[in-house]
Structures are given as structure tokens and as C-alpha cells.
Amino acid sequence: MISRIKTIALHTYKESVREKVLYNLVAFALLLIGAAVLFGSISLGISQMFLVNLGLSSISVFGLLMAIFIGIGLVSKEIERRTIYNILSKPVARFEFIIGKYLGLLLTLTINTAIMTVGFYAALFYIQRHLVLADWVPLQCIYFLLLEFAIVVGVALFFSCLSTPILSATFAFCVYVIGNFLSDIRGFGQESGSATLQKVTIVVSYLLPNFSNFETISRTAHGLPSPPYLVTANTCYALLYVTILVSASVLIFETREFR
Amino acid sequence: MLAVEITDLTKDYSVGFWRKRPRRALDHVSLQVEAGEVFGLLGPNGAGKTSTLKILLRLVFPTAGRARLLGYDLHDLRLHRQIGYLPENPYFYDHLTAEELLRYFGQLCGLQGPPLRRRVEALLEQVGLTDFRGVALRKFSKGMIQRVGIAQALVNDPQLVFLDEPMSGLDALGRRDVRNLILQLKAQGKTVFFSTHILPDAEALCDRVAVLHRGRLHGCGELRTLLQSRASAIEMVLENPTDEVLHALAPFCSSTVRTGARVRVTLPRESDVERCLEVVLRLRAKLISLNPVGMSLEDFFMAQVGTPAEHRGEPEPKGS
Amino acid sequence: MKPESSSLQSGQVARRLCALLILGAFAALWPLQRAINREREKLPPTAENLYFTSGHLLRRLSLGYNGLLADLYWTRAVQYYGRRRLAHAAHYPLLGNLLRIATDLDPHLLIAYRFGEIFLAEKSPEGAGEPEAALQLVRRGIVANPSYWRLWEDLGFIYYWDLKDYPMAARAFETGSERPGAYIWMKAMAAAVAARGGELSTSRLLWTEIYQTAQGKDVRASAVAHLIALDAAQQLSQLNQLVERYRQATGHWPRSFEDMITAGYLTSVPKDPTGVPYVLTPQGKVTLGPHSKVELSLLP
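Protein sequences appear in the order of chains Y, B and E.
Residue numbers for the first sequence follow our numbering, beginning at 5 and rising by one.
Residue numbers for the second sequence follow our numbering, beginning at 43 and rising by one.
Residue numbers for the third sequence follow our numbering, beginning at 143 and rising by one.
Since the hints were derived computationally from the structure, they do not count as laboratory data.
Treat the hints with care, as some may be off.
Once the Cα atoms are required to be at most 30 Å apart in a straight line, the calculated DSBU-like pairs of lysine-lysine come out as [stated by the list, open to error]:
#1 LYS81(Y) with LYS184(B)
#2 LYS81(Y) with LYS328(B)
#3 LYS359(E) with LYS203(Y)
Remember, predicted model here, so these are calculated numbers, not experimental data.
Model the full assembly from the supplied sequences, consistent with the hints where possible.
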């Protein structure tokens, strides 16, 4: 079972690497960081903060785009092009396929984020001419971003087991946007004064993935690390939520018919 | 041991966007395939051939009925180590080469290291793609893709191979290759279960066939018995027979067809042959040939498919 | 038809396991999310940031969705106000900017002018205490919506309440009264403000009008509170006059309301509009009872 999951994961990684889209996005992110370096050198004084803000934001944006589009593309393409027929005729259980796909996508994103991180630190070094110990703080933020990507890929996977690629992308994007506003939505429910609305918003805010848990870019730009407790809690949160999403995907995929 | 055992298999698809209506794709189909047989599932497009195969490969789930392969339950992964499947109009990952694809599927079947390499080599050799092993599949022609598809179906050296329309879209040469491949598999003692709507292929290859039409089984059995049991006749071909000859033969023959100088006379009863020959000798007509003819598969097929599907009360012909 | 026994069993096991995992994970998520919320609240807040300070720039970037974006910014302004209000923060540094961006994005977003103006002009802690900014906001609203008379009314109120500039207030009411559809009392208001700016009776007139026309429950409640305060203020001034008359007649301050009742100045112990008795101090000053709900601080 483990070896089959590994095989599928590695194949998924290979496939996404051979998709040219990935390179374009990476190149684009690197370009953006290059722009940060340029702008940073023009506006003196805050160049470092600006670079951290822009660099982390672009890692986040590109990671998310990749998570959604590759996440959806790679599974629904297997169904659409009927390559799934061949996989399932082999001694592969459906849940192995889903878990393998998920891990492959995660591997892709991790490697991709690692490349962007290297680019980011290169730019930081370029601006500061040296790196000090305190510069580890963005790494924590990138770790949080990675946890966020892990959930987004899960969301994309879940929807692609359920629907067509375009709809899946739309849904996944909506979930991401709503997930970012969950604390606002809960606040809105509390301020509305209606008990029902309040309850509904609270339930929704626990049910949907809460991406504002991982929101540390602006704190990081000010050089403020998050406490270790939050790192542990966020890791657990991501693990639990990924478990939910992958299980739900398996649940759907187990009963899905391929006509 | 039975390689394929299908009992009362029924499949309804729901169609329609808003109001789902069931559409019956398979209607209480039962058939059995012995190990070592080459079995053909025949029927026009939309007869339920692909549905049957998809149920057997757990791509769709039956509405009712049961099926077992090689004595295993369909969901038993031990079963999947022993079967291979070529889907209809297969498609494979564009970005891989033939070799990579076979390695991937081989790994999924649990092969690795030197045995995997040897197996991939052997398969590429078998389907004649050794020279194209490093070419990306997006550059492959339809026929080459079909060969890759067959190779991947055989990657785990399966006991039972399912081929869905293996000859479709191939040129004459490609079809001959696929036929030879199936015969090779038979010689190795494998069971081959394939679907086709091309009858000569089935005639050339199959030990037994089943005919599906609109989801119902319209006959299943050994090709020869299936055809002979239905009808047989003697065909007599004469050259330039006089009207007198034809007149004398008229009481015995069911049809006379004139093609240029020759006339083909069909005699439905074997017992009449002697008397007809007497007539021919007596009137000195020129006899070209005298042959017993079985019903061709095509005739049988047409006879079955041509029957209106309304005869619901008629008992289903069951497999042998 | 009985389903294939063992086949569905293996599928069923997987499905049950998944369902169980989902439920279990959600059950664990609930306390975890609460813990994360608590932990995040403990974090020292970083300075709040407005990434965009120009509504016009944002309008270009909004790709034609400026109406939607304006609504978003208006909502953000309301939430910003509400959240800080709940947190008892006395300052609203971003409020003016948020409102400006919202109205830049959609110059016809009347609600943003009308209520934004109130949030901005109100004295701290109820509002930002920036009447000048409120004035600017309303002025921009008037430029974009010249025929809408309510904005003139709002302008008049800012001058009247917050800036105490009665002549300007009167001029605003008067200009507004000339706009199509303006209520007739705008003229009366202008006249009243011009003639007797700052008197309690004018206030009563205004708040009564607001009470009668306002649709929002909160606004009406506020009007009632204002009217009660006005009544109490009027009663207080009358009572103090009575006390003064008593002193002039007897030569000493009354020690209690009973003294005044026996002297025939009052028929009973006076109560404020919320029913709480007034208090007479030894210095001869009438004040609200200690538990009175009247908010005299609402008055200018």
C-alpha cells in the first residue's frame, strides 16, 4: 500500500514538473521578488520590510494559484482523459490513488515553495549584504503558508472529486476567500444581534477552513515571530483539516462511477 | 475454474440534468467464461459491452446482480494482480514515454528493480515499440497508442485480459498484429475477454461469443454450435443451367441467385441433395461446387439484432 | 437484489473509516480553533494598515467592480468602527480614510456619507471627534449628489451640534430646503437656528422631527434619549428657578422638596422623565437622582 501510494505521489510530482505552467509561475514569482529588490533600493529605509512583505505575499499568491490549479487539474484530468481507468484496473485501491495524488501535489508545492524561499533569501541577502539570526522569522511565516497550501490543495482535491474543473476551481477559490474572512464573518454575526445569525456564523466559522490562523505576513514584516504554541496549534489544525478533506475526497471517490 | 462469472447483472444509469430518469444499460445479463478461452462480447454500439467491462473493472457499480473474476470478488486487490485491461480508445499521460508509462504501471503492480526492467523490455519487444521507447506518448499515432495500451494491460503478466474494442481505429496491419497477440495469449493459456462490433475479428479469434443488444443477452455459446444450431443449408453452384434444370430443381430449393453465368441454388434440406444431383446429372448441367454452408456470424447477428426488442416474455437464451 | 457481500464490505470499511475520521477531526478542530483564537487575541496588535490610501487608484485597480468594492470598503468602515467601539478604543484613525475610499469608489454611496458623517463627527469615544473631516465628507457628497437635500441637512447638523457655528448651520438648512423634495421643516429649522441658535426648544423640534422620520431603531432610540435629556434639562431649569424664588421669598435655601411643597411651590416631589426623583442639594441646587437614566451629557 505504502509503495503504491509513493509511486502515485512521485508520478504526480513528475507530471506537474513536466507541466510548463509551474515553471512560468516560479519564474514570475522570482521576477516579482526582483521587482521588490528594485523598489526597495529606491525607497530607502523601509526596503527590508517592503521586501519581506512583497516576497512573502508573492510566495503566498503563487503558491495558492498553483495549489488550486494544479490540485484541480491533476485529478480531474485523470478522470476526463480516462487515465484513471488504467490506474484502477491495476491493484490500486481508490483511497490509495487519492492519498497518493494528494501527497504528490503537496510534494510539488513544497519543492516549489522551497525554490521561492531560496529566491526570497537571496533577495534579502542582496539588500542587507548579510543575513543575521533574526532573519529566520520569515521562515516561520513560510511554514505557515505551506500549511495553508496543504489545506488549499485538499480543498482543490475535494472539489475535483466532486465536480468539473472550472467549477472546482471556482469553488476552491471561494472557499479560500471565505476562509480568509471567517473571523470577520463571525464578528459580523456577533454585531448583528440576531441569535440565529450569530449561531450560523459561528458554525460556519468552525466548519470552513480558517485561513486567518496562518496570517502572519504583516507581523513577520515587523520582525515579530509567532509564539511556539501557535506553531504547534496551527500544525495540528492543518493536519486535522487535511485529514477531513482527504477523507471526504476518498468518501466521494469510493462511490464515484466513471462512465 | 471459471474466469468470468456474471449472474443477473443489471445496470441503470440515471440520465437527465434535473429530473433523473433511469436508463437501463444492462438487463439481467448472465454469462460464464472458462479459463483459457478467448471470449468475444459482440453487439452494436451502445449495446452494453463497455458497461459490462466497466462493472467487471469496478469503474461503475452494478445496480443489481453479481460478478466474480477468477473466483475473486471484484473489489479484491488480489484479483487485480491477475487481470489486465485495455480501455476503449485509451489515452495515456502525454508527458511520459512508452517506457516510463510501462514502468509506472509496473510499479503499481508491485514490480521493481531488475524484474520490472526485464518485464518492460519484454513488453516493448512484444508489441514492437522497442525503437520508440524514449518517445513522448504525445507523438504517438493511434495504432502505437493502442499497442502501448495492450502492453500496459499485460504488464503484470495477467491470467485474464479484458480488451475493449482492441481493433478499433487500427489499420489492417495493426489489426493483424492485435489478432496475433490475442492468439499468442491464448497459446500461453490466458483467458481473453474482448468486446468488439467487428464480426470478422470475433469469427477469427473467439472460442465462444455472447451477443448483446440493448443491454440484453441474445445468445451465448460456441461459435460453431451457435451458428449451426440456428440454420444450415447446402449451396450448389451451377454454370449456365438451362431453364429446364432450374425448373426441375425448383421444388427442392429455397432460393436461386443468378450472378452472371453462374446460379447459386440453396437447398435447405440435406436429404434433397441426392435427388438434386440426379437431376443435374440427368440433364447434364455443369456443376461448379456443392458445399454445406453454416449461417455466418453476421447472419446470426443480424437475425438477433434485427428482432424487435419488445419480446419481453421470451425467455433469455442462457450461456452454455 | 442483495449486494455482493464481501465486495461492499471492503468499500464500506473504507467509507466508515473516512466518516469516522471526518467527525473525529471536526470534533478536535472545535477546541483547537478556540485555543488558536484565544492565542491570537493575546498577540500584540501590529499597526493596522491601509494598503491603499487612494480611492481613485483603487478604482482603476478594481477593473470595473468599483461598486462592489465600495460596498466592501463601506462594510469595512462599519466593522472597523464597530470593532474599535466594542474594544473601547477612543480613537478611529483609519475611519476617515476608509470612508473617503468608499465614497471615491462609488460617489453615489449616500449611506456612506450620511452615517459616516455621524461616526466621524461624534465626540470621542462615540465617534472619531473629527467634525472637520465629517464636513469634508459631506461636502464631497454634495458635490457628487447636488440634488440630494438630506446631505445639506447633515451639513447643517454638523455646524449646529459639533461646530456650534449657527449662522453656517442656518445657511446649510436654508440651501437644503431649496433642493427638490426637501421637507418643509428644513426652512423652519433654518429660521429657528438663525434666530435662537443653541436654545433647547430648537433641539426639541429637531429631535422630534428625527424621531418621526428616522427608520432605524437605533436612531429612534437615540432621538428618544435626546428628547428625554431635553425634557430633563428644561425641568431642571424650571425647578432651579422655583428654588431661587423660594429663597427670595424666605431668605434661605429649602432643605428639601417637602419644604417647597408645604410652601405651596410644588404639589409633589418632582421626578425626571424616566421616573427617578430629582435631588435637592444643601446648596439649593436641583440635580438628577443618583440612579437616573437621563443622559444630560448628550446635550451640547
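So, going through the hints one by one against the coordinates:
About 20 Å separates the Cα atoms of LYS81(Y) and LYS184(B), which keeps this hinted pair within 30 Å; it holds. Straight-line distance between C-alpha atoms of LYS81(Y) and LYS328(B) comes to about 67 Å, which puts the hinted pair past the 30 Å bound. Annotation: proposed proximity of LYS359(E) to LYS203(Y) holds, straight-line Cα distance about 23 Å (limit 30 Å).
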